[in-house]
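Student: The lines below spell out each chain.
Number of protein chains: 4
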Amino acid sequence: MTIALSRNILTNRTEIARPGEPVSGILTIACPDKIGVIARVTSFLFRYNANIIDTNQHNNAERGTFYMRVKFDLSGIELSRTDFAAAFSSIARDYDMQWQIFYSDKPASVAVLVSRQDHCLYDLLLRQKSGELNAGIVLIISNSDALRPVARSFDIPFYYLPVSSANRESQEAQVIELLTRYRVDLTILARYMQVLSPAFFQHYTGPIINIHHSFLPAFVGNQPYHQAYRRGVKMIGSTSHYVTEELDQGPIIAQDVYQVSHRDSIKDLIRKGRDLERVVLARAVRAHLEHRVVTCANRTIVFE
Amino acid sequence: MTIALSRNILTNRTEIARPGEPVSGILTIACPDKIGVIARVTSFLFRYNANIIDTNQHNNAERGTFYMRVKFDLSGIELSRTDFAAAFSSIARDYDMQWQIFYSDKPASVAVLVSRQDHCLYDLLLRQKSGELNAGIVLIISNSDALRPVARSFDIPFYYLPVSSANRESQEAQVIELLTRYRVDLTILARYMQVLSPAFFQHYTGPIINIHHSFLPAFVGNQPYHQAYRRGVKMIGSTSHYVTEELDQGPIIAQDVYQVSHRDSIKDLIRKGRDLERVVLARAVRAHLEHRVVTCANRTIVFE
Amino acid sequence: MTIALSRNILTNRTEIARPGEPVSGILTIACPDKIGVIARVTSFLFRYNANIIDTNQHNNAERGTFYMRVKFDLSGIELSRTDFAAAFSSIARDYDMQWQIFYSDKPASVAVLVSRQDHCLYDLLLRQKSGELNAGIVLIISNSDALRPVARSFDIPFYYLPVSSANRESQEAQVIELLTRYRVDLTILARYMQVLSPAFFQHYTGPIINIHHSFLPAFVGNQPYHQAYRRGVKMIGSTSHYVTEELDQGPIIAQDVYQVSHRDSIKDLIRKGRDLERVVLARAVRAHLEHRVVTCANRTIVFE
Amino acid sequence: MTIALSRNILTNRTEIARPGEPVSGILTIACPDKIGVIARVTSFLFRYNANIIDTNQHNNAERGTFYMRVKFDLSGIELSRTDFAAAFSSIARDYDMQWQIFYSDKPASVAVLVSRQDHCLYDLLLRQKSGELNAGIVLIISNSDALRPVARSFDIPFYYLPVSSANRESQEAQVIELLTRYRVDLTILARYMQVLSPAFFQHYTGPIINIHHSFLPAFVGNQPYHQAYRRGVKMIGSTSHYVTEELDQGPIIAQDVYQVSHRDSIKDLIRKGRDLERVVLARAVRAHLEHRVVTCANRTIVFE
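Residue numbers (my numbering), protein chains in the order written: chain A, 1 to 304; chain B, 1 to 304; chain C, 1 to 304; chain D, 1 to 304.
It is possible that some hints are incorrect.
Which bits of chain D does chain B cover? Going by a derived footprint, with three or more residues having C-beta under 8 Å, they are [stated by the list, open to error]:
| id | stretch |
| --- | --- |
| 1 | 116-122 |
| 2 | 125-137 |
| 3 | 269-280 |
DSSO-like cross-link-like pairs, simulated, lysine-lysine; straight-line CA separation at most 30 Å [to be verified]:
| id | chain 1 | residue 1 | chain 2 | residue 2 |
| --- | --- | --- | --- | --- |
| 4 | A | LYS272 | C | LYS129 |
| 5 | B | LYS129 | D | LYS267 |
| 6 | A | LYS106 | B | LYS34 |
| 7 | D | LYS106 | D | LYS129 |
| 8 | D | LYS267 | A | LYS34 |
| 9 | C | LYS267 | B | LYS272 |
| 10 | C | LYS267 | A | LYS106 |
| 11 | B | LYS272 | D | LYS106 |
I should point out that these hints are in silico values taken from the structure, not numbers from a laboratory.
All C-beta atoms, glycine included, are put in the ideal place defined by N, C-alpha and C.
Take these sequences, add in the hints, and give me the full structure.
Tutor: This is the structure:
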């Protein structure tokens, strides 16, 4: 959870009016656990006539850290967006808070990285189109040219950046340049079959969500369905997690499984897995975009 | 949600100290939706130095009603149990609240009604024994004598009250007399194969949870597994709900399903269903005992 | 299960060679239950050197009917497709069988009927494209023009046939004319928001699979998600079934459910339901296309 | 799958007549894959007037091995149990089969090994009592005396055999002596918190089923719920598998999972896990007792 500066980028975006949905603010807070936080925050919102729609909180006792998310209606609020930070700063200081505020009419910009498989990409594109994700998919990057037609049919810029061990550094620099230029808020690895190098993470710190086609921590790395077949498991899984430098070790956001049997060949596992991957990735992405995910050491809090 | 009087019964109970678990209070509130409720309630608790462990709220927009549950630590609180109501009354009045307070060291008294099937009864007894339910099972009532040995092996009073169309009225009066005498907080119909008459509900208003062996509203009434078999469904279900005068129409608390196939005979459905019934009933009972269930018209809010 | 004549239509189709997959035959049988059927059928295949890949059978004791499906390798078989019927006829006669034979290199022709919602249509198109369905989607029919662009992007003929109570008879005649002209083997109602009239079923007898957005038999008819919301269920479901004259009463092929809570609005149920509908419909369609589904009165046998 | 000798032990058992259930035979076969096996086996049964109730087969292409299970009605059979082996031997020789035959009126004898946790033990005892398992639980062995009262209340012999690193060898010898003396067909480790030593497996070769409280291969070894909590998974699992010398690496028979969240403490995972453990273990045990499980290298075939 980084500090509130990042929201300034968002305020320059074109506003999207979702007809029928009132505009709401989402305030996320992390601070040392101390009595009275909820009372202070909710009293602050009450003072400015902001009706609370939803609040979630979690106290991580081991770390002594308190996490809170408050969603409130902006329709009657007596505090402008520009004045919010100044008004809230004394509370933030008193409680040593890290905080951010988001507005539902400023949807996030999303980049999708893919290779040759299209099922997760199609799924994200269709969910965006149907209004399930409060986000715009602003570009697609791939190390293969195979999915260019999909990008074109949805009118999304497509960048073909082939990669090999020889050019990895420069390719990743191009990826970062694109993410920066498009002011990307969230990067999704939708079956992008490349491991990002440690260097990448030194130069890029924005959130990245991956879909791994196993029930982590089982079957880390390559060909998890082959590994699953060989071990003879009776369920296959999918895991969506934040990407960190260590392969398949980042904080898990969502997981699900599907029953399999001895009748299923590796090909069947791959086919059945596609349905899982789509649903699990979408669930994680949606939670992130609604600011319901907080990372706490290597675990996530996913507010409902 | 009834008003706070009912809690007085609880305060007379023997206190149970769960070793290692700090004692907590749970405050449940229902009131017309109005801005500022959360701020007022949490500020009240803060003033008396009650650290909030968890809060849940839900706003039913259709009915304009706001529901809230706050769990707080009693260890540092500067307000005695006896003074709580007086201190809280001005807030309650301002917001026209219905409210109740519960203390984790006052476990509920539970009655279980059964017929001849033992799987749900055993399940509840074992869960209580293992400490899963913050409750005491204080009596078992049955219209059959078959499960008396089970009751005996767990040292629970067992009442055999046979019933027929001829004696229904007097049998139900005996049931009510027992529930009252044992100061029962929750009655569980654990595969009790009798329909309670309208008269029963005129004379008894305490909460009753039933397990119905179908995915309601499908297969209301008798022999739901037979009905399910005949319709050729591919999943069977179980539903735990509050009992109301209208058969199988009460507010649903928990549901779950299990996959079946053409290979399953009615006997197989019954066998598979037993596993579902146990788990679904226990989930509903646990939610109720933790004061996480609120009834709102014919729907329930089940806080997590 | 109709008799073997229908396969003649298939033999005129262009053969599809699935690279890497050996061609197989699938023989489906229904007959009065009598000892020795399996021995006779498998000995017949053995005599002609057909290696059995898989067999399934089911004996419906109530009806005294035996159902069997045998999949066998065609690579070493010493019996031509044209001679199969003559060779098998004496067994078929002895056991009073209804039977059909299918070949994996003769994929079925599928028609999809839609209205305005695109998620099931996209799902079927993408599954076909990825080779999950051994079928060709040969035409799309709609009572709305909204999804024409989707059809175009997949190069599938699209027929816009608006319908009202005034023109229902002639519109349905046009639908039947198209299904006949395209020699359609399977018709899929992929959220086609029209009820087919009794007259339709008098003139068309080919198999039709529908996806109903509830856990049947709960919430038959209109707006099942609204019905589910009002009843306060804790899970929503989807049901894929063969369409018969009686609305939502046909034999069920596949069902699944998804957990919901009091937090979910009707809009949320609709969104979550889309994921269910896609998966459940695809599962039913795939089972049908692999000749794993047998209808037995109003129930289905779905071989695995 | 071992050869047919072991069945001789069974034939000496007291026959159990399950009222209403006709007696059936179950023939299990493993042999090199060769055309015509099914025809030969089913024709053999037909010749002796044995009506086939169910057949399952699986061809493991990688190993070139064919597995078959045939369940047939004994009511009209014209071949005595004692003559079966002689009559079947020529087929068995021709196809180089390993085979076994079981009779439904000869239920298996089961030993349960436990430590201090009672939930799996109770579950097995109750399932046996309700007739779900075609088996008799003939003894309970424990390294703790805690569950003796449970054994007593179900009238099952209970052996308390404490174990430490010092006496492991002699304790395991006693366990083997008991399993042999009671002619145990299946040993169940129902949360037996001891690892059997390599020496044990040298002296005992009967089947042993364990329940491991994780989704294997994730979280092998000690305290899997603690491991799961630390990794921050969003589902916990249970795995039932045959025990081999290598800890938690044996062939998996059944697995299932349960959703968890950041709200769940380790204590909650343990509580939720108990429900999983019971169901998954019972599913595996039932499959084994119905002779539906075949081990093939380190994977299982579980016929439905």
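Student: Look at each hint and say if it fits the structure.
Tutor: Results of checking the hints against the structure:
Counting residues of the stretch 116-122 of chain D whose beta-carbon sits less than 8 Å from any beta-carbon of chain B gives 3, enough to reach three: the coverage restraint holds. Remark: the stretch 125-137 of chain D is confirmed as covered by chain B, as 3 of its residues place a Cβ nearer than 8 Å to a Cβ of that chain, reaching the required three. Chain B is given as covering the stretch 269-280 of chain D, and this holds because 4 residues of the stretch bring a CB closer than 8 Å to a CB of that chain, at least three being needed. This hinted pair checks out: A/LYS272 and C/LYS129 have alpha carbons roughly 15 Å apart, not beyond 30 Å.
For the hint linking B/LYS129 to D/LYS267, the alpha-carbon distance of about 16 Å falls within 30 Å, and the restraint holds. A hinted pair counts as satisfied when its Cα atoms are at most 30 Å apart, and A/LYS106 with B/LYS34 qualifies at roughly 27 Å. Taken as a hint, the D/LYS106 and D/LYS129 pair is honoured in the structure, with Cα atoms around 17 Å apart against an allowance of 30 Å. Between the alpha carbons of D/LYS267 and A/LYS34 the distance comes to roughly 24 Å, so the proposed pair stays at or under 30 Å and holds.
Using a Cα cut-off of 30 Å, the hinted pair C/LYS267 and B/LYS272 is violated, with the two alpha carbons roughly 33 Å apart. Taking the CA atoms of C/LYS267 and A/LYS106, the gap is about 21 Å. The hint holds against a cut of 30 Å. Only pairs whose Cα atoms come within 30 Å are accepted, and B/LYS272 paired with D/LYS106 is accepted, the gap being roughly 24 Å.
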